[in-house]
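Protein chains in written order, with the working numbering: chain A, 147 to 320; chain B, 147 to 320; chain C, 147 to 320; chain D, 147 to 320.
Hints are computed from structural coordinates only; laboratory data are not their basis. Please read these numbers as outputs of a predicted model, since none were measured by experiment. All C-beta atoms in this analysis are idealised placements derived from N, C-alpha and C, irrespective of residue type, glycine included. Treat each hint with caution, since some may be false.
[As the list claims (entries may be wrong)] Part of the chain C face toward chain D, derived, beta carbon under 8 Å:
1) 232
2) 243
3) 251
4) 253
5) 259
6) 260
7) 287
8) 291
9) 294
10) 297
11) 311
4 protein chains.
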Amino acid sequence: MNVGVIGYSGNIFKEPIKSLNSLCDDVGRIIAENNWVLMNGGRDGIMQLVSKAVKNRGGHVIGFLPWEQEGNGYLDFPIKTGLDLNMRSFVLLKNVDVVVSIGGEIGTAIEILGAYSYKKPILLMKNSGGWTDRITEVLIEDKFLDNRKLVEVKQVSSIDELERILKGIEEVKN
Amino acid sequence: MNVGVIGYSGNIFKEPIKSLNSLCDDVGRIIAENNWVLMNGGRDGIMQLVSKAVKNRGGHVIGFLPWEQEGNGYLDFPIKTGLDLNMRSFVLLKNVDVVVSIGGEIGTAIEILGAYSYKKPILLMKNSGGWTDRITEVLIEDKFLDNRKLVEVKQVSSIDELERILKGIEEVKN
Amino acid sequence: MNVGVIGYSGNIFKEPIKSLNSLCDDVGRIIAENNWVLMNGGRDGIMQLVSKAVKNRGGHVIGFLPWEQEGNGYLDFPIKTGLDLNMRSFVLLKNVDVVVSIGGEIGTAIEILGAYSYKKPILLMKNSGGWTDRITEVLIEDKFLDNRKLVEVKQVSSIDELERILKGIEEVKN
Amino acid sequence: MNVGVIGYSGNIFKEPIKSLNSLCDDVGRIIAENNWVLMNGGRDGIMQLVSKAVKNRGGHVIGFLPWEQEGNGYLDFPIKTGLDLNMRSFVLLKNVDVVVSIGGEIGTAIEILGAYSYKKPILLMKNSGGWTDRITEVLIEDKFLDNRKLVEVKQVSSIDELERILKGIEEVKN
Numbered sequence: 147m148n149v150g151v152i153g154y155s156g157n158i159f160k161e162p163i164k165s166l167n168s169l170c171d172d173v174g175r176i177i178a179e180n181n182w183v184l185m186n187g188g189r190d191g192i193m194q195l196v197s198k199a200v201k202n203r204g205g206h207v208i209g210f211l212p213w214e215q216e217g218n219g220y221l222d223f224p225i226k227t228g229l230d231l232n233m234r235s236f237v238l239l240k241n242v243d244v245v246v247s248i249g250g251e252i253g254t255a256i257e258i259l260g261a262y263s264y265k266k267p268i269l270l271m272k273n274s275g276g277w278t279d280r281i282t283e284v285l286i287e288d289k290f291l292d293n294r295k296l297v298e299v300k301q302v303s304s305i306d307e308l309e310r311i312l313k314g315i316e317e318v319k320n
Numbered sequence: 147m148n149v150g151v152i153g154y155s156g157n158i159f160k161e162p163i164k165s166l167n168s169l170c171d172d173v174g175r176i177i178a179e180n181n182w183v184l185m186n187g188g189r190d191g192i193m194q195l196v197s198k199a200v201k202n203r204g205g206h207v208i209g210f211l212p213w214e215q216e217g218n219g220y221l222d223f224p225i226k227t228g229l230d231l232n233m234r235s236f237v238l239l240k241n242v243d244v245v246v247s248i249g250g251e252i253g254t255a256i257e258i259l260g261a262y263s264y265k266k267p268i269l270l271m272k273n274s275g276g277w278t279d280r281i282t283e284v285l286i287e288d289k290f291l292d293n294r295k296l297v298e299v300k301q302v303s304s305i306d307e308l309e310r311i312l313k314g315i316e317e318v319k320n
Numbered sequence: 147m148n149v150g151v152i153g154y155s156g157n158i159f160k161e162p163i164k165s166l167n168s169l170c171d172d173v174g175r176i177i178a179e180n181n182w183v184l185m186n187g188g189r190d191g192i193m194q195l196v197s198k199a200v201k202n203r204g205g206h207v208i209g210f211l212p213w214e215q216e217g218n219g220y221l222d223f224p225i226k227t228g229l230d231l232n233m234r235s236f237v238l239l240k241n242v243d244v245v246v247s248i249g250g251e252i253g254t255a256i257e258i259l260g261a262y263s264y265k266k267p268i269l270l271m272k273n274s275g276g277w278t279d280r281i282t283e284v285l286i287e288d289k290f291l292d293n294r295k296l297v298e299v300k301q302v303s304s305i306d307e308l309e310r311i312l313k314g315i316e317e318v319k320n
Numbered sequence: 147m148n149v150g151v152i153g154y155s156g157n158i159f160k161e162p163i164k165s166l167n168s169l170c171d172d173v174g175r176i177i178a179e180n181n182w183v184l185m186n187g188g189r190d191g192i193m194q195l196v197s198k199a200v201k202n203r204g205g206h207v208i209g210f211l212p213w214e215q216e217g218n219g220y221l222d223f224p225i226k227t228g229l230d231l232n233m234r235s236f237v238l239l240k241n242v243d244v245v246v247s248i249g250g251e252i253g254t255a256i257e258i259l260g261a262y263s264y265k266k267p268i269l270l271m272k273n274s275g276g277w278t279d280r281i282t283e284v285l286i287e288d289k290f291l292d293n294r295k296l297v298e299v300k301q302v303s304s305i306d307e308l309e310r311i312l313k314g315i316e317e318v319k320n
């Protein structure tokens, strides 16, 4: 199963990313332990922290990079898409089975909505800040992002709950 | 000046698009009268109604189509992007100077956020429904879509106000 | 009818482009006189010369630009594709009914082959140099670019012959 | 090092692919033995044969798929590009360090020229047919594909020569 993780880009030693280090490590840990493939945007911030957490445990990481940029140092396979930041996000989204969202500014917001439009389930890490929390204010029936009800968006409160839900999605897939 | 108009896709004889016919006609009218170029997604729904309003007044319409789809019948230049619905939206957004939003489901939401990420001003037609209204519930300081404050999002209450703001944007551009 | 014209990029005052000025003017003239739309890559070299020839006669010119580059000064509608030089060529090719080729280096060669793969007829201006002439050395049965025989490639010896063939293609299309 | 292998698509049990089975197995073997990553278009024909040869020896295979197509059964990581056959070829080419070409129709020809335009060295397996042999008829100074002399195209006569040249490219890269 390919797990997409999205969220804040930026310097991992500065807020708001710094405080999310432990959460990112946990998310990376369950991805590696379950032998899932981490797919992300291949750059800094949340992408870097989760990549590192997966890679250091011997897991697999694929990063979808904008243009011909180099990736962070924790990618098994950096994929240069030749596309800009936004367009490359949609290539990432086409390849994942589920999206986990942690904080995030406008790029993350676009990825949350993009995942929904591609009918990929979205798991929002509660209280991780940014658009991951903000998007919950505009959900329809507490779980949809438009009236077509394409796929469910869920808030997740703990790493155990995240692992349980991801395992459930994997089961349905197999 | 290239004016992007986004919003609901779908059958123009059915709600919620049917009730927006008159608004779309007005938006198309001011685009044609000011000799601006209408750029949109080239398909049905709001795209079709505004295209028709511009075209019937002798104005210019360019539609950015997904894949190799045919456009609605009111495009001067249908541009086949070869890209999917979402990715083609970003090509559209790269080419406009400003975006006017009318109602809309998830595709419109992605375009609103995408326009913001490209720093294109966004004008939301108040009470037109869908994401055009919903997005106002999550604005930061009543006008931004993230903490980077890239460009302002404005709610517009009347066609006269829309024309006045568009003329202002044109002046700054020239 | 949308006529794509491809060929050398580069400085129009230097060889090999300089000597092709008159041919480009003729090609632009018949496009404008027949009310066809010129579509090209929107940049310098052959693209610029033919754009100018069409534009100065009141014809229509659409340029498909790489990334967010600005076009040459003779485009009615510069389309920013956000894609690199090569990928944007394929967006151009999707939109044309026929391709006219004048000289050209590797980018032109890719466009000739790309046009063939999309089954768009290709008209090679004889003795215009570069890949436009070189490609004739590897034609299968003097007109195909692979064993699938997708569409015919033709060498054209004069501007009158070019106009006659283009009119024929237009007739079939209508 | 990422080694791109391009060539005929189509049924592997039919000519001209059937007779290239042994060559493809050898190419896959040296890629696996040297711990290089095979990158290709992820589909049938040469892509499938070389994927299988690498995968069965425990090597790594990444396939760049058109649209949202499924890959052949020998990919570690099928990457859905969302792009058409041609545009996805350029994403593949951005990610490889070198291209090995075996036979091939128009798609292969486009990839050979595309690799050259991206300055990726191209190794043509001699007598493998199609465009891999045909392109040698139009080389400039026996090794270039245009007057800009961007990168060298080489004909390779044996699997040992191929391995030696690939090792040389790897050394320069490191």
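To see whether the hints hold, each was checked on the structure:
1. 232: holds (5 Å)
2. 243: With Cβ-Cβ at 18 Å, over 8 Å, it is violated.
3. 251: holds (4 Å)
4. 253: Check passed: Cβ of residue 253 of chain C comes within 7 Å of chain D, closer than 8 Å.
5. 259: Holds: closest Cβ of chain D sits about 5 Å from residue 259 of chain C, inside 8 Å.
6. 260: Holds: closest Cβ of chain D sits about 6 Å from residue 260 of chain C, inside 8 Å.
7. 287: For residue 287 of chain C, the interface hint is violated, since the closest Cβ of chain D sits about 13 Å away, which is over 8 Å.
8. 291: For residue 291 of chain C, the interface hint holds, since the closest Cβ of chain D sits about 6 Å away, which is under 8 Å.
9. 294: Holds, because the Cβ-Cβ distance from residue 294 of chain C to chain D comes to roughly 6 Å (cut-off 8 Å).
10. 297: violated (10 Å)
11. 311: violated (22 Å)
Violation of the numbered hints given earlier is confined to hints 2, 7, 10 and 11; the remaining hints are satisfied by the structure.
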